[in-house]
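As given, the protein sequences belong to chains G and S, one line each in that order.
Just so we're aligned, residue 4 is where the first sequence starts under the numbering used here, counting upward by one.
Just so we're aligned, residue 199 is where the second sequence starts under the numbering used here, counting upward by one.
Honestly, the hints are just simulated from the structure, not real lab data.
Each hint should be verified, as a subset may be incorrect.
[As the list claims (entries may be wrong)] The calculated label-pair distances, taken between Cβ atoms and stated as ranges, are:
1) G:Ile205 / S:Val251: 25 to 33 Å
2) G:Lys40 / S:Gly699: 30 to 38 Å
3) S:Gln538 / G:Ser204: 32 to 40 Å
4) S:Asp275 / G:Ile181: 55 to 63 Å
5) S:Gln323 / G:Leu353: 30 to 38 Å
6) S:Phe469 / G:Arg182: 42 to 50 Å
7) G:Arg182 / S:Arg367: 29 to 37 Å
8) G:Ile205 / S:Asp624: 54 to 62 Å
9) G:Ile181 / S:Gln538: 52 to 60 Å
10) G:Ser7 / S:Gln538: 29 to 37 Å
11) G:Ser204 / S:Trp230: 40 to 48 Å
Heads up, the beta-carbon is just placed ideally off N, CA and C, and yes, glycines get one too.
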Amino acid sequence: MLFSINETMGQYSELFMLLAAGTYTVAFIAFAWDLAKSSKMLRAVDLKAAELAAQATTTEAARMPVGVGAGTAGGDVDRSDADVSGPAGRAERPTSAVSGRGTAAGAGQTADGSMRYGGERRAPARVAVALTVLGAAIHAAGVITRALGAGRVPWGNMYEFLTTGAFVAVAVFLLVLIRRDLRFLGTFVIGLAIIMLVAASIAFWTPVGHLVPALQSYWLIIHVSIAVMSSALFTLTFAMSALQLVQSHRQKTIAAGGADKLGFMRLVPYALSLENLSYRINAIAFVGWTFTLMFGAIWAEKAWGRFWGWDTKEVWTFVIWVVYAGYLHARATRGWTGTRAAWLSIVGYLCVVFNFTIVNQFFNGLHSYSGL
Amino acid sequence: MSERVNEKKKKSSKPEAVLPSLGALGMLRWAWTQLTSMRTALFLLLLLAVAAVPGSLFPQRPANPAIVTQYIKDHPDYGAILDSLQLYDVYSSAWFSAIYILLFVSLIGCVIPRAIAHYKAMRSQPPRTPARLSRLPEYGTLVIPADAGIPASAAISDAGELLKKRGYRVDVRDRDGARPSLGAERGFLKEVGNLVFHTSLIGVLVSVAAGGLFGYSGQRILVEGDTFVNTLVGYDQFTPGTNFQSSQLQPYSVQLDKFDITFDRESQGKFGQPIDFTAAVTTKENPDAPAKQEVLKVNDPLSLGGTSVYLTGNGYAPVVTIRDGAGNIAMQGPVVAKLQGENYYSSVVIKVPDAKPEQLAFAGFFLPTAFVTDQGVSFSGDPELINPQLTLNSYFGDLGLDAGSPQNVFELDVKKLTPLNARNLDTKGIVLAPGSSYTLPNGKGSISFDGVKRYIGVDIHHNPGQLYALIFALLAVAGLVTSLYVNRRRVWVRTGTHEDGRTVVEYGLLARGEDHRLAGEAAAIRKLLSDEWLLGEDATTGSQPAPSTTADNDRADSAANGAGSTHATEEQPAEDFIQSTAGSSESKKDQ
Ligand code: HEM
Chain G
4 MLFSINETMG QYSELFMLLA AGTYTVAFIA FAWDLAKSSK MLRAVDLKAA
54 ELAAQATTTE AARMPVGVGA GTAGGDVDRS DADVSGPAGR AERPTSAVSG
104 RGTAAGAGQT ADGSMRYGGE RRAPARVAVA LTVLGAAIHA AGVITRALGA
154 GRVPWGNMYE FLTTGAFVAV AVFLLVLIRR DLRFLGTFVI GLAIIMLVAA
204 SIAFWTPVGH LVPALQSYWL IIHVSIAVMS SALFTLTFAM SALQLVQSHR
254 QKTIAAGGAD KLGFMRLVPY ALSLENLSYR INAIAFVGWT FTLMFGAIWA
304 EKAWGRFWGW DTKEVWTFVI WVVYAGYLHA RATRGWTGTR AAWLSIVGYL
354 CVVFNFTIVN QFFNGLHSYS GL
Chain S
199 MSERVNEKKK KSSKPEAVLP SLGALGMLRW AWTQLTSMRT ALFLLLLLAV
249 AAVPGSLFPQ RPANPAIVTQ YIKDHPDYGA ILDSLQLYDV YSSAWFSAIY
299 ILLFVSLIGC VIPRAIAHYK AMRSQPPRTP ARLSRLPEYG TLVIPADAGI
349 PASAAISDAG ELLKKRGYRV DVRDRDGARP SLGAERGFLK EVGNLVFHTS
399 LIGVLVSVAA GGLFGYSGQR ILVEGDTFVN TLVGYDQFTP GTNFQSSQLQ
449 PYSVQLDKFD ITFDRESQGK FGQPIDFTAA VTTKENPDAP AKQEVLKVND
499 PLSLGGTSVY LTGNGYAPVV TIRDGAGNIA MQGPVVAKLQ GENYYSSVVI
549 KVPDAKPEQL AFAGFFLPTA FVTDQGVSFS GDPELINPQL TLNSYFGDLG
599 LDAGSPQNVF ELDVKKLTPL NARNLDTKGI VLAPGSSYTL PNGKGSISFD
649 GVKRYIGVDI HHNPGQLYAL IFALLAVAGL VTSLYVNRRR VWVRTGTHED
699 GRTVVEYGLL ARGEDHRLAG EAAAIRKLLS DEWLLGEDAT TGSQPAPSTT
749 ADNDRADSAA NGAGSTHATE EQPAEDFIQS TAGSSESKKD Q
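Using the sequences and the hints, build the whole thing.
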């Protein structure tokens, strides 16, 4: 039942991890270059468009409102009929069905709200994605050799949580990239993966080893993998919510006639588009987190004889769950959509990070398996 | 329930926020409205998250009362204050309970009216056709040529059929009039899912509470060869639930035959760490039942008589024989050694109340692999029995056991005892290897170390609420997924006959709540209709295009292109058919 340990595999794994971190670093530079370059290019396009716009007809101008607050949707559509309006204070959500807005070029333009790939080619971004794919492939080899070396799933201590977690975050990012152009998140996601890999190798390095008996359960595979995947999704939405805050500030500034100081944010879609997509991802991640919580409880029942005991790790998993439940509620509460919801999503993610770092290391509990 | 709903019902134009002149009943109603509002629910949820945090910062009594006592001692300045704030019992504290009880009251106040409203909505017809379909987020028109021979009434029937097949509930209005229309709706499961989710949360809470009332738990240490019988006296420690009755205990038995541990001998970093615990046991469902061989492991509890038996601890139990001053065997058998440090470095306490003329006691350490440093500090070098050693001090006198007050078997109070052997006495301490024995000074007796057995600690739990909690949790997840991924949509279609004989069809879609695939649905319905009427590509280009053509609604450009000049707009005189240019620009929100 116990596979034997293969130290050579473990060493290969560490080499792969380092190579992956190196490749990611180059990808990171390419993503940053893309941001810088595109923002310059967009500015040039803007200037040209502004010239054209000066000659454009007034009808054209009227038809293409710019930026936020250009108008509200449908007047007599009965959006608040009793049977679905729910409890008092419930908001009509910023549903994506009314997310349309002008496509005009001009001050404050941002990327397409659909987050689909546009026509123009962005060479640095393509290089960055290619490098990320390469890095992820090497990283995958690192994770697999680690698993072979230890003869089990590679998530049994902090080192393995970090290396595997970073891989899942990058993989989820790449998967989303297939359908959506989220390349503007590249610097963030890849930067985070690099930090995780470096932290794993320096602060949490652990040689390949067996699992303590308490972790020898198929629930480890189920519970932890879902937790890691949900966390990867939360990572994406955290980045999007942070950008949403910046973007909404920028949109407001521009709408009020201020100068556009954050040129690189042109690459980033409108705040509302960010909010809508991050809501959808958060909803998936929340279901995942619900499963994490439930499977954790089932496992706790098997291992310790009680399904819930307010162990520190359980407390924080619960707190995260409640914060994101709050986020979902906020999106349906009048006055709480938009910026406030984004803050909740950010707070939720900070709790995830806290749960993973501080709680694993400094809090004693039944979950103290960090391998330190 | 909702302010809006109440307003509609009462047909009053007076906003409820006006506080004075409400009276006592009005105040109550106002408070209830506040409590069950979405804002309060959100606030309580966030408060619950914050309130749960201190439980991870301070030691908690239910988890470990001893640590709490120590913590209060160590922090004389604020330790007691924290206690008065119930910060060591966060999850049963008044304030934590208040928050979640309020939350659940709010939840109930929220779910019941919504369930009633939804039940009514499910039985009523889809809402009236709006005057201007073009104002809906998704809108489009189709034109059926005059020679197709499909009049407005037939077109509306066709549309109704198609929508019914697509799962919509359809209501056709004014079929034979000049402007027949239909309203259709689907996705009632969304709201059902939401209600199931929230109701199940109540179910989970109730199940957990019931488990606390009717459950029980206990611990027992079993040395190899020992048998546990599930009766009150069988437990070393027992924690009954509030409503526990001893008749609940089913007298099954568990005998520990053998306990094996595998230690890690491969990896450098964790050399000597246990990697497998296996207990071979013989169980009987009741005293008359046939014996059964079973294996008990960590993560793999036994199920017996409605309880679960968990392997939670283990250690060594040195077997000793102690003779008293009179030469009789005063005690013989294994002594459970309590883990103290690395590599099963364990403490041993032996009390011999039966020794005569004087009672005897021993206290010291057991080391499976004894090493002694140059400084004379002994430690255990390995968890396995490579060089087992028992080092003891001995005492005689009155153990105080006869008074009947309970004592901790793992602790020895030496205040009233006279030391016989100790490191600082001339007699020195007793050091024993298996098979050796030692004669106590002054003819007080002797002790021999006969061998070593292993013991396990088992936790026994009975929680009748557990299964229900699981069922409700699963229901909650099912409800959650349904509510998040079923889309509630409404479709309206209106048809009319143009002067030149063509039949013009317009349709509009509206989503309830979040729905990013509404445009996709609009496109799908459009395709169904054009296929039905064989309109083909030609008709699609020849008529009003749908506002957005992709499968996704997050498009930034969906508003603008509806305004272009098209067949329908140009040729339809009826005002309902005039394309709105209001578009659907980003709705203003409180950002
Ligand atoms: C025990 C505390 C609660 C938790 C954990 C919780 C959790 C959730 C979650 C996760 C959702 C989103 C999924 C869905 O749409 O079904 C949701 C939606 C909702 N909750 Fe709660 N909830 C709680 C209490 C309440 C209370 C007290 C109310 C009433 C005031 C409420 C009203 C709603 C409504 C109306 C929605 C639907 C929003 C929409 O999608 O349109 N919830 N809740």
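Inset, instruction - Enumerate the violated hints, using their earlier numbering and listing them in ascending order. - result: 2, 5, 11
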